[in-house]
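Respectively, the protein sequence lines represent chains A and B.
Residue 43 in UniProt numbering sits at position 43 of the first sequence; the count goes up by one each step and never skips.
Residue 6 in UniProt numbering sits at position 6 of the second sequence; the count goes up by one each step and never skips.
None of these hints come from the bench; they were simulated from the model.
A quick note: this is a predicted structure, and the numbers were derived from the prediction, not measured.
It is possible that some hints are incorrect.
As the list claims (entries may be wrong) - Computed from the model, here is a short list of chain A residues facing chain B with C-beta under 10 Å: (1) 8; (2) 46; (3) 50; (4) 70; (5) 71; (6) 74; (7) 82; (8) 89; (9) 96.
Claimed, not checked - Negatives, chain A to chain B, calculated, CB over 10 Å: (10) 115; (11) 144; (12) 166; (13) 177; (14) 199; (15) 220; (16) 235.
Unchecked claim - Looking from chain A toward chain B, a few residues come up when the C-beta cut is under 8 Å (computed): (17) 5; (18) 6; (19) 7; (20) 63; (21) 68; (22) 75; (23) 79; (24) 86; (25) 95; (26) 281.
No residue lacks a Cβ here, since even glycine has one placed at the ideal position from N, Cα and C.
2 protein chains.
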Amino acid sequence: MNEEIELRHLRYFLAVADSLHFTRAAQQLKIAQPALSQQIRRLEELLGHALFLRTTRGVQLTPAGSLLALRARTTLARVEDDLAQVRRVGRGEEGTLSVGFSGSVMFTELPAAIRRFRKRYPKVELQLREMWTSAQVEALRDGALDLGFLRDGEGNEGLATRTLLRERFVAVLPERHALAAKRTLRVNDLDGEPFILFSRAMGPLAYDRTIACCEQAGFVPEIVQYAPQFPTLFRLVAAGIGVSLAPACMARLSVPGAVYREVRSTARSTVDLAMRAGFESPLADNFVALLRTQIGSEERP
Amino acid sequence: MNEEIELRHLRYFLAVADSLHFTRAAQQLKIAQPALSQQIRRLEELLGHALFLRTTRGVQLTPAGSLLALRARTTLARVEDDLAQVRRVGRGEEGTLSVGFSGSVMFTELPAAIRRFRKRYPKVELQLREMWTSAQVEALRDGALDLGFLRDGEGNEGLATRTLLRERFVAVLPERHALAAKRTLRVNDLDGEPFILFSRAMGPLAYDRTIACCEQAGFVPEIVQYAPQFPTLFRLVAAGIGVSLAPACMARLSVPGAVYREVRSTARSTVDLAMRAGFESPLADNFVALLRTQIGSEERP
DNA sequence: CTTCATTCATAAGCCCAGCATATCAATACC
DNA sequence: GGTATTGATATGCTGGGCTTATGAATGAAG
Numbered sequence: 001m002n003e004e005i006e007l008r009h010l011r012y013f014l015a016v017a018d019s020l021h022f023t024r025a026a027q028q029l030k031i032a033q034p035a036l037s038q039q040i041r042r043l044e045e046l047l048g049h050a051l052f053l054r055t056t057r058g059v060q061l062t063p064a065g066s067l068l069a070l071r072a073r074t075t076l077a078r079v080e081d082d083l084a085q086v087r088r089v090g091r092g093e094e095g096t097l098s099v100g101f102s103g104s105v106m107f108t109e110l111p112a113a114i115r116r117f118r119k120r121y122p123k124v125e126l127q128l129r130e131m132w133t134s135a136q137v138e139a140l141r142d143g144a145l146d147l148g149f150l151r152d153g154e155g156n157e158g159l160a161t162r163t164l165l166r167e168r169f170v171a172v173l174p175e176r177h178a179l180a181a182k183r184t185l186r187v188n189d190l191d192g193e194p195f196i197l198f199s200r201a202m203g204p205l206a207y208d209r210t211i212a213c214c215e216q217a218g219f220v221p222e223i224v225q226y227a228p229q230f231p232t233l234f235r236l237v238a239a240g241i242g243v244s245l246a247p248a249c250m251a252r253l254s255v256p257g258a259v260y261r262e263v264r265s266t267a268r269s270t271v272d273l274a275m276r277a278g279f280e281s282p283l284a285d286n287f288v289a290l291l292r293t294q295i296g297s298e299e300r301p
Numbered sequence: 001m002n003e004e005i006e007l008r009h010l011r012y013f014l015a016v017a018d019s020l021h022f023t024r025a026a027q028q029l030k031i032a033q034p035a036l037s038q039q040i041r042r043l044e045e046l047l048g049h050a051l052f053l054r055t056t057r058g059v060q061l062t063p064a065g066s067l068l069a070l071r072a073r074t075t076l077a078r079v080e081d082d083l084a085q086v087r088r089v090g091r092g093e094e095g096t097l098s099v100g101f102s103g104s105v106m107f108t109e110l111p112a113a114i115r116r117f118r119k120r121y122p123k124v125e126l127q128l129r130e131m132w133t134s135a136q137v138e139a140l141r142d143g144a145l146d147l148g149f150l151r152d153g154e155g156n157e158g159l160a161t162r163t164l165l166r167e168r169f170v171a172v173l174p175e176r177h178a179l180a181a182k183r184t185l186r187v188n189d190l191d192g193e194p195f196i197l198f199s200r201a202m203g204p205l206a207y208d209r210t211i212a213c214c215e216q217a218g219f220v221p222e223i224v225q226y227a228p229q230f231p232t233l234f235r236l237v238a239a240g241i242g243v244s245l246a247p248a249c250m251a252r253l254s255v256p257g258a259v260y261r262e263v264r265s266t267a268r269s270t271v272d273l274a275m276r277a278g279f280e281s282p283l284a285d286n287f288v289a290l291l292r293t294q295i296g297s298e299e300r301p
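Please construct the entire structure, taking both the sequences and the accompanying hints into account.
Encoded structure:
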């Protein structure tokens, strides 16, 4: 004999407590009256106390029954609320989404996409964390991040990536530099110039692609300085320490003393959306689905 | 197919969520593993979302599952607490007890009994309400009172009464009254004196017994004034408006200008405990049981 | 008072939800 | 590649919960 209380007992009890009438309560519950009496009796045995005072003409609640009616009502309501919330989380309409991004991605359409996501899913808490690409890869792998917007993040083992944007490179020059006079450069114009780049450890593929851009043009850049972020890097360029190559979107960041010039090259930098492979989060799925309609068509070949 | 969630589902779910292991959870629940898998699957179908991510090597919670684990834990704990509280109310250890009393009863041992009851059942809220006997009878009948301490409340239809105290009468006299010189009176000493009494509507039996006390002594008292309560009545006596008879306990109330004198009479006034007949309240039962040990032996013949 | 209606309890049997047993499939580990 | 582990699937059984039928008690009506 199962001694545990079940929600069924509470539902049945409340039906009787509401109507104070076994027969009507049974009809409402769509069961036969004896079945209802049986379950109420079981509940009373389980509690060790009577919940109703039966007269052959109707029933009424005992003090214990009155209290249980109060409590049972809130319990059932709470359970329903809980299930509804679990379903919302299941649908990805509620919860917490950890999103990492490389700093440069904030100069693309991502901020607008985030705004739309927040509007569509107001109950989702977005935790935005700026991280280097390689740090995001690690965080995605151990589950600290749900989603990452990586600068050149393709081809990482264990991550499912999708390329969102494909950008040209621009040359970053001191405004007094001789090459700044030209509107458009060839990459090999930069041959022999001192280069400032971010560290390879922050994003190997981004680094390699920048180098490859130069190598395509027939030279290997001489790197004289490393910088942790593009804004810092651009300030160093403005100070005349060297030149650089950066994804085109970064041209939106105006730094006094630094200018951007288009370069003719087939080399491209990408922004890639990454999530843990085989690890489905409805929240992340919803974010990705929204991005697909917003940014998907904005790839620049 | 029953589509309703039951506490069993939550219990099973939590077992798996705790151990993240179906087989071990099943052992802990003392059921077979397939039965557990079946119930979890049912719960997931009911929610429309997965709660666990199954790998052939262990399981882990989805975001929805994590949330449900939180909620289910509090739900089960709450239900247990609720049942415990209902049991306490069932045992009469908790709840609200409405106790009515005639004013004169507060001059007996009742206050001491109330103090003991409060100490023994600290979670019981005692609502004490001073009411005339007849008002108590009405309130008891319609359930507004759980228990009543009635002055001469025997023999009321629909109420179960038990006599707690049986008291002599005392004469109440102005201190300058000639009879005040005697230590003890005969009732018929009061023959011809103007009487002050409470209204018969407040307590018919108390009234009748007072009158009967006089009639036993061979006269019918001439009532010149009615008073709603004993303290008021005694003040009127002190003012020289008349004399009165009162239950002996009221002698504890000292009113300047009024004195009490024993009377030789077999007439008695009673304090009766009353509750609705056939209406068992564990709270009231506990109160009565406590009184039985405290006051039961204090009857004055 | 008798009769009828109402209402909850009891009795008896049925049926399916939940369970157990047996087995399979997939993966980690040596 | 073999073995162990773990959850899923298949199949049949069993008891708890249900239904139907009936009883008992009480109030209402005439």
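Here is what the structure says about each hint:
| no. | hint | in the structure |
| --- | --- | --- |
| 1 | 8 | holds (6 Å) |
| 2 | 46 | holds (8 Å) |
| 3 | 50 | holds (8 Å) |
| 4 | 70 | holds (9 Å) |
| 5 | 71 | holds (4 Å) |
| 6 | 74 | holds (8 Å) |
| 7 | 82 | holds (4 Å) |
| 8 | 89 | holds (4 Å) |
| 9 | 96 | holds (8 Å) |
| 10 | 115 | holds (23 Å) |
| 11 | 144 | holds (14 Å) |
| 12 | 166 | holds (32 Å) |
| 13 | 177 | holds (52 Å) |
| 14 | 199 | holds (35 Å) |
| 15 | 220 | holds (46 Å) |
| 16 | 235 | holds (41 Å) |
| 17 | 5 | holds (6 Å) |
| 18 | 6 | holds (5 Å) |
| 19 | 7 | holds (5 Å) |
| 20 | 63 | holds (5 Å) |
| 21 | 68 | holds (5 Å) |
| 22 | 75 | holds (6 Å) |
| 23 | 79 | holds (6 Å) |
| 24 | 86 | holds (5 Å) |
| 25 | 95 | holds (5 Å) |
| 26 | 281 | holds (7 Å) |
In summary, the structure agrees with every hint in the numbered list given earlier.
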